[in-house]
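Undergrad: The residues making up each chain are set out below.
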Amino acid sequence: MISINHVSKSYGSFQVLKACSAEIARGEVVVICGPSGSGKSTLIKTVNGLETIDSGEIRVGDFRLAPGVTNVAALRRSVGMVFQSFELFPHLTVLSNVTIAQTKVLKRSRAVAEEKSRALLARVGLSAHITKYPAQLSGGQQQRVAIARALALDPQVMLFDEPTSALDPEMVNEVLDVMTGLAQQGMTMICVTHEMGFARGVANRVLFMDGGEIVETAEAAKFFNAPASERAKAFLARILKH
Amino acid sequence: MMVDLSAIASATPFLLTGLWFTIQITLVGVAGGIVFGSLLAVARLSQNRLLSTFATAYVNVMRSIPLILVIFWVFFLVPWAIGWVTNGGRPVAVGASLTIFVTFVLFEAAYYAEIVRAGFRSISAGQYAACEALGLSKLHAYIYILFPQAIRNVLPILLTQTIVLFQDTSLVYVISATDLLGAATKIAQRDGRLVEMYLTVGVIYFLFCYAASQLVKRLQGRLAYGGR
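Respectively, the protein sequence lines represent chains Z and A.
So for the first sequence, the numbering used here puts the first residue at 3; every next one is plus one.
So for the second sequence, the numbering used here puts the first residue at 596; every next one is plus one.
Only chain A is shown next, with the shape it has when bound in the complex (with noise of 0.2 angstroms):
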């Protein structure tokens, strides 16, 4: 068997645009992922009960179905459930970036969701109770000083989810998505070249995860308060 170096050269642009909406998908499933996977966390541990059943069950519902299934329930069910409410019943189309980015952010949320949580849980209660003594209102102490500490107490773990989205991604495939491996199976059907894409694409993601793994192994060694 023959890898032909050409077919991989003729496939670069290509693969590229898969490469580029991989990364958009990450950075969108990161970006929204957090924001909202903190509010779930900060709902959480409120003390609002309503609140923090509502977070729980949303947390717990996603975090105990594949990935797949919800990136086909929004692709399927939300074109209805949007022409339900606005156009009579008859569905919406909902473009498949859209539905991916929606589907990465609802579904990423419920593991930084955790994530962050377990962030707030390493906080000490005597810094809680400082912010009070301080009569900083709930919303400062969250915003200025227990979000951060949260964050910088978990960095390593989120960067660890966070190489596991850039690998779920891949996942897109079923509503036939050109990320990455996307492009790369279109490509390797279209010329027969299964080997040459898919070992391309092994590589890429190997990279990537890799040089991203060495990050976090670097920044726990430099994220301990600097102490004497």
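Next up, chain Z with everything else stripped away, as it sits in the complex (with noise of 0.2 angstroms):
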């Protein structure tokens, strides 16, 4: 489904990403971790365009992404992404936020891209909200309105950006909830987090990186109870500690 082969990305001197690899299949659910500007969230924005890459190819599907191909706009509407801090549209309400791209990029007429963002909105749980505008949501339904704003474009890929790391401790769950249901349907799924709780119970396998490398790619459960690399031992100790 995806696949990630020798991808490197440099900020001017600064190598962020160094001859990435990476073999994700249907269906699957990876979860890339990793200590802080090891280059987790460059290297999942590059999965759909967001980051340019400087060398290498990433194919999803049938479409291939290299360097010097701008014209995204086929990959995009396969590939649905949910950010760290929501980037809801903040002029709109809950029910536009959703339909909005549904109309404008996939040219559904609005009764029925509305009817989808309703049944998207019961989905993740949010029906009582539709009329509501972001600023009136607590961050875990405003994340989950991002979810289902990703998803009305039937995207066959997901993409998560560290999305509970701007939540309150208390809104964590609902929104893993949302991801665990997704991963249970068979959505092909990559995910930045530091939730080690979803990596080691919902994902198939863990790609951890460190420097810009992607240092070990293991099963969840392999990774968490016997990582390979040394640097991989040292991350688990460090987050694992307390």
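I should point out that these hints are in silico values taken from the structure, not numbers from a laboratory.
These figures come from a predicted structure and were not determined experimentally.
All residues carry an ideal CB built from backbone N, CA and C; glycine is no exception.
Possibly wrong hints are sitting among the right ones.
[Stated by the list, open to error] Listed next, with one range per pair, are the computed distances between beta-carbon atoms:
#1 A:Gly-690 with Z:Arg-112: 42 to 52 angstroms
#2 Z:Gly-203 with A:Asn-655: 56 to 66 angstroms
#3 A:Gly-721 with Z:Gly-213: 19 to 29 angstroms
#4 Z:Gly-199 with A:Gly-816: 42 to 52 angstroms
#5 Z:Arg-112 with A:Gly-684: 52 to 62 angstroms
#6 Z:Gln-187 with A:Leu-810: 43 to 53 angstroms
#7 Z:Ala-68 with A:Leu-734: 46 to 56 angstroms
#8 Z:His-196 with A:Gly-721: 18 to 28 angstroms
#9 A:Leu-818 with Z:Ala-239: 42 to 52 angstroms
#10 A:Thr-755 with Z:Ala-27: 52 to 62 angstroms
#11 Z:Ala-236 with A:Ala-652: 50 to 60 angstroms
Make one complex out of these two single chains by using the hints.
TA: Printed below as a string of structure tokens:
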């Protein structure tokens, strides 16, 4: 489904991605973890072309992304993305947030698009809030709207860039529950997250990154129980200490 | 010195004509200026070097010369310019009203452009990324997502600039147009009623601008995206 081949990227003299390669199968849930500054967010953003790459190539379904490929409209239609800071459109209602790309990008009629939006908002448990504005919702509710907004375009792949990092602790689970539900329904997902419980319980595999490299790729259970690399061991020791 | 109220009463119809022209200039200047200014702002933020250089140069030049000079230029030079292009070198008369409308749109656009550009820059990079990630075209992103937020973020400044524009319309006296101040001047000189006329228009300018600035104040309180 997704194939990342020797992808490298530099900001000036600083190399953020060093020949990263990974294969992700349809229906697979992959968590990318690693210390901050390791290139996790940059890597996930290359998958829908939000970050350009300097060398290598990325394939998502039939779409091939390489340095210099600028027409990424088709790619973005098949890849949904959820951001750390939600990035809902503050001047639009919840319903409009989920509807707008359907009518403008997929050219769905307003009626069809709104029906789809209502169904998705019901699925993430927000039917009671569709006429509200984002600022009237809690962080967890906003992030669930953002997930519905991404799902509204019927993506084949969902990217989550630290979806719970900006949330108060008591709201983390409501978002993780939605993500777990998606995973169980067979969505192909790449998640940058520090939620090790989610990684352990839901992810099929873990990509561990450090210093711009994918240091280790392992099945989730194996990664947590017996990490192969010293860097992964050190990382897990740090984050699982308490 | 006595203030003769009857002089004001008899001048009222003519003053109202002038006031109406002042309002027309303001409305055309605001509408045209914001439309053209928004295009300039988008051009200035564009990746296209040619577009952004042109817009930057335009804004900087317009903001570096006095409005009164632009009025003169458009009034005296544009007839010649049109003449060279269409009429074998002989100037083509352009009416004072049209001159004034064109001038105010061209001039105010430079100021509105900077305000709208500040509005765009106040939007977080994440909003641009969200538009891209959803596959919205640049045009759709600007129309439906970015422009409404940009305008909302700078609405008080836009209105303040509009108050300045309303006052600046009085400069059209240099080509003898009959705006509010022009009308007052003509009557004042004809009837020798300088005090009455200039006091009256002063009060009118004050009332309009004060009301508008109160509106700005109230808007500022209301504009925050409703939150808990």
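Undergrad: For each hint, tell me whether it holds in the structure or not.
TA: Hint check results:
Between Gly-690 of chain A and Arg-112 of chain Z the CB atoms are about 45 angstroms apart, so this pair conforms to the stated range of 42 to 52 angstroms. Against the hinted window of 56 to 66 angstroms, the Cβ-Cβ separation of Gly-203 of chain Z and Asn-655 of chain A comes to about 59 angstroms, which satisfies the hint. Checked against the hint of 19 to 29 angstroms, the pair Gly-721 of chain A and Gly-213 of chain Z passes, with Cβ atoms roughly 26 angstroms apart. One distance hint, 42 to 52 angstroms for the beta-carbon pair Gly-199 of chain Z and Gly-816 of chain A, holds here, with the actual separation near 44 angstroms.
Checked against the hint of 52 to 62 angstroms, the pair Arg-112 of chain Z and Gly-684 of chain A passes, with Cβ atoms roughly 56 angstroms apart. Checked against the hint of 43 to 53 angstroms, the pair Gln-187 of chain Z and Leu-810 of chain A passes, with Cβ atoms roughly 51 angstroms apart. Look at Ala-68 of chain Z against Leu-734 of chain A: about 26 angstroms separates their beta carbons, and that is not inside 46 to 56 angstroms. Remark: the range hint 18 to 28 angstroms for His-196 of chain Z to Gly-721 of chain A is upheld by a beta-carbon distance near 19 angstroms.
Between Leu-818 of chain A and Ala-239 of chain Z the beta carbon distance is about 49 angstroms. The supplied range of 42 to 52 angstroms therefore holds. At about 58 angstroms, the CB distance of Thr-755 of chain A to Ala-27 of chain Z agrees with the hint of 52 to 62 angstroms. Between Ala-236 of chain Z and Ala-652 of chain A the CB atoms are about 55 angstroms apart, so this pair conforms to the stated range of 50 to 60 angstroms.
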